[in-house]
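Undergrad: Chain residues, written in single-letter form:
There are 2 protein chains.
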Amino acid sequence: MKTILTFDIGGTNIRAGLFSEESIKPLYTKKIKTSGQNRSPLENILFLIEEILTQYPTLAAISMAVPGSVDNKNGVVIKAPNVGGWKNIPLRQIVQEKFGFVPFIENDASMAAYGEWKHGAGRNHSYILYITISTGVGGAVIDNGHLLTGFRGLGTEKGHMTIVDDGPLCSCGKRGHLEALASGPAIAAYVRQKMAEGFPTMLPSDPAPTAETIAKAAKQGDALSIDAFHRAGHYLGVGFANYLHLFNPSCIILGGGVSFSGDLLYQPFYESLKEHVMSEEYLVGLEINYAQLGDEAGLIGAYQWSLDNL
Amino acid sequence: MKTILTFDIGGTNIRAGLFSEESIKPLYTKKIKTSGQNRSPLENILFLIEEILTQYPTLAAISMAVPGSVDNKNGVVIKAPNVGGWKNIPLRQIVQEKFGFVPFIENDASMAAYGEWKHGAGRNHSYILYITISTGVGGAVIDNGHLLTGFRGLGTEKGHMTIVDDGPLCSCGKRGHLEALASGPAIAAYVRQKMAEGFPTMLPSDPAPTAETIAKAAKQGDALSIDAFHRAGHYLGVGFANYLHLFNPSCIILGGGVSFSGDLLYQPFYESLKEHVMSEEYLVGLEINYAQLGDEAGLIGAYQWSLDNL
Chain A
1 MKTILTFDIG GTNIRAGLFS EESIKPLYTK KIKTSGQNRS PLENILFLIE
51 EILTQYPTLA AISMAVPGSV DNKNGVVIKA PNVGGWKNIP LRQIVQEKFG
101 FVPFIENDAS MAAYGEWKHG AGRNHSYILY ITISTGVGGA VIDNGHLLTG
151 FRGLGTEKGH MTIVDDGPLC SCGKRGHLEA LASGPAIAAY VRQKMAEGFP
201 TMLPSDPAPT AETIAKAAKQ GDALSIDAFH RAGHYLGVGF ANYLHLFNPS
251 CIILGGGVSF SGDLLYQPFY ESLKEHVMSE EYLVGLEINY AQLGDEAGLI
301 GAYQWSLDNL
Chain B
1 MKTILTFDIG GTNIRAGLFS EESIKPLYTK KIKTSGQNRS PLENILFLIE
51 EILTQYPTLA AISMAVPGSV DNKNGVVIKA PNVGGWKNIP LRQIVQEKFG
101 FVPFIENDAS MAAYGEWKHG AGRNHSYILY ITISTGVGGA VIDNGHLLTG
151 FRGLGTEKGH MTIVDDGPLC SCGKRGHLEA LASGPAIAAY VRQKMAEGFP
201 TMLPSDPAPT AETIAKAAKQ GDALSIDAFH RAGHYLGVGF ANYLHLFNPS
251 CIILGGGVSF SGDLLYQPFY ESLKEHVMSE EYLVGLEINY AQLGDEAGLI
301 GAYQWSLDNL
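Protein chains in written order, with this note's numbering: chain A, 1 to 310; chain B, 1 to 310.
Looking at chain A on its own, in the form it has when it is part of the complex:
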């Protein structure tokens, strides 16, 4: 039986999944710390491949999802700041030279979107906008079954879209991006700033509030916390109206921890979306779903991607 080895490489953990060609249920999974065992992220990946190869020598393909800018034509990770500061890592070449496989190297949001499309919240759709809202805001788009990547694979920075010219500082160093206004850290930064200005809240200042503790406080009626989610929802509505005008999907899939804040975020988001969309036609037939594959989305997507492109 031929098998496909997939990796979802994250800033904290590296997840590996081994699939047969018949099922999206992995035969074997493993999760290790990205920089654990006194090894670099790259050493850990190579170590895992070696270990799994000794147990399952009949690999057909290796497929990797990487959190950053990936030149998918050449298999080079141009920038993955969360993975040991990776910059211009010729990952395909390294794996190929060591193991003889030419691995697929793709952006993680693209692979999660691909997985959700084929096996999750996007089944029965061909026009999908997948957006993940957590520490960052990322995503991918599928148009008539075609996964957009861009010339060098860099067209995946969906959250780095200015919607407030000269607005708050973003993690990338630029200003006013959707990520700087509606990600988990953006929600927390807003609350901390308001607390520093003396706004009353039930939240303690130490430990500093996070999107999670703010969501809890909001559900208990804390006005500042509710306001923070309303503000994030407002900006998400502005940003998603942009996405709808640019991509006109039939299905939006929301992933990432912040998305799962329920009505607290969803209601102001959807109100704002309706307000900012230039025509109701964009909402006709539009499904908005939560992601269904959870932490497995990247692995399942990387698996399906390699199957479809072998």
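Because the hints were derived from the structure by calculation, they are not lab data.
List time: in silico DSBU-like cross-link candidates among lysine-lysine, alpha-carbon distance up to 30 Å:
#1 Lys216(A) / Lys274(A)
#2 Lys219(A) / Lys194(A)
#3 Lys33(A) / Lys2(A)
#4 Lys73(A) / Lys274(B)
#5 Lys98(B) / Lys30(B)
#6 Lys73(B) / Lys118(B)
#7 Lys118(B) / Lys25(B)
#8 Lys274(B) / Lys87(A)
#9 Lys30(B) / Lys87(B)
#10 Lys118(A) / Lys73(B)
#11 Lys73(B) / Lys274(A)
#12 Lys31(B) / Lys118(B)
#13 Lys79(A) / Lys274(B)
#14 Lys118(B) / Lys2(B)
#15 Lys194(A) / Lys274(A)
#16 Lys30(A) / Lys2(A)
#17 Lys118(A) / Lys25(A)
#18 Lys274(A) / Lys87(B)
#19 Lys274(A) / Lys79(B)
#20 Lys33(B) / Lys216(B)
#21 Lys73(A) / Lys118(B)
#22 Lys118(B) / Lys79(B)
#23 Lys118(A) / Lys30(A)
Covered stretches of chain A, going by a simulated chain B footprint (3 or more residues, C-beta under 8 Å):
#24 248-259
#25 278-284
For every residue, glycine included, the Cβ atom is placed at its ideal position computed from N, Cα and C.
For this one, chain A is given, so just place chain B on it according to the hints.
TA: The following block gives chain B in isolation, referenced to the frame of chain A:
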């Protein structure tokens, strides 16, 4: 010899072009006023088809580029405000019932982009961002040879992207869109507002300045006019940085009258683009070209599109 009849339907003129299957040089062209001869735009289109059919009875296809939101699956023009206020016009069905042809109905910016890709400024590229800046800001994207349309063909409103939340009013009724900040009318509105505030300028207030007269004054050193193009260039840089992050093209094609203002607009635009792009990687290998097919782009694109999709 089989022929393809194409239409580029505009708010002012309807252009028709008849092509053989062998060449992008039309055998025959005709331009009439969209609402001329006391006929409605639709009547004029049907009249033109009839007239051309009597001369060239061996048509293989009819292909139409429409300035608005087009449901290209069903051939329905959802909204084309400039064409006699068209709303939900089943153009495909009407033409089919009258002439027996099933015409291609597509958005005009998409067809112009397709033409420029196959025969103009985008040859040798597979990842193209085509943006036209004139009365409005519109455009289309080609990703790895795939023309993006969106679920109902509405994903072409590239200029209706908020970059200044709650910014100036746009033609569509929403606020802060790129079109409201950098189109011809946006440039003129800014100058008129500054004149009303008493800013000195060589421009007369009657007739009211237009993007064209402002460009002329700027080239003669008029400070307010130069400022107006700097401002538009700034916002174009912000907007195009968004496009690069979302689409990562290898080729930008600039069309439309405002684009052709030369360095007056291009310099502040490119400065702003460099400033707002989150990584120089987006500029690596990026060509920025002016459109080459002029007024013929839509016809040539509609011709090539029907050839490729027959």
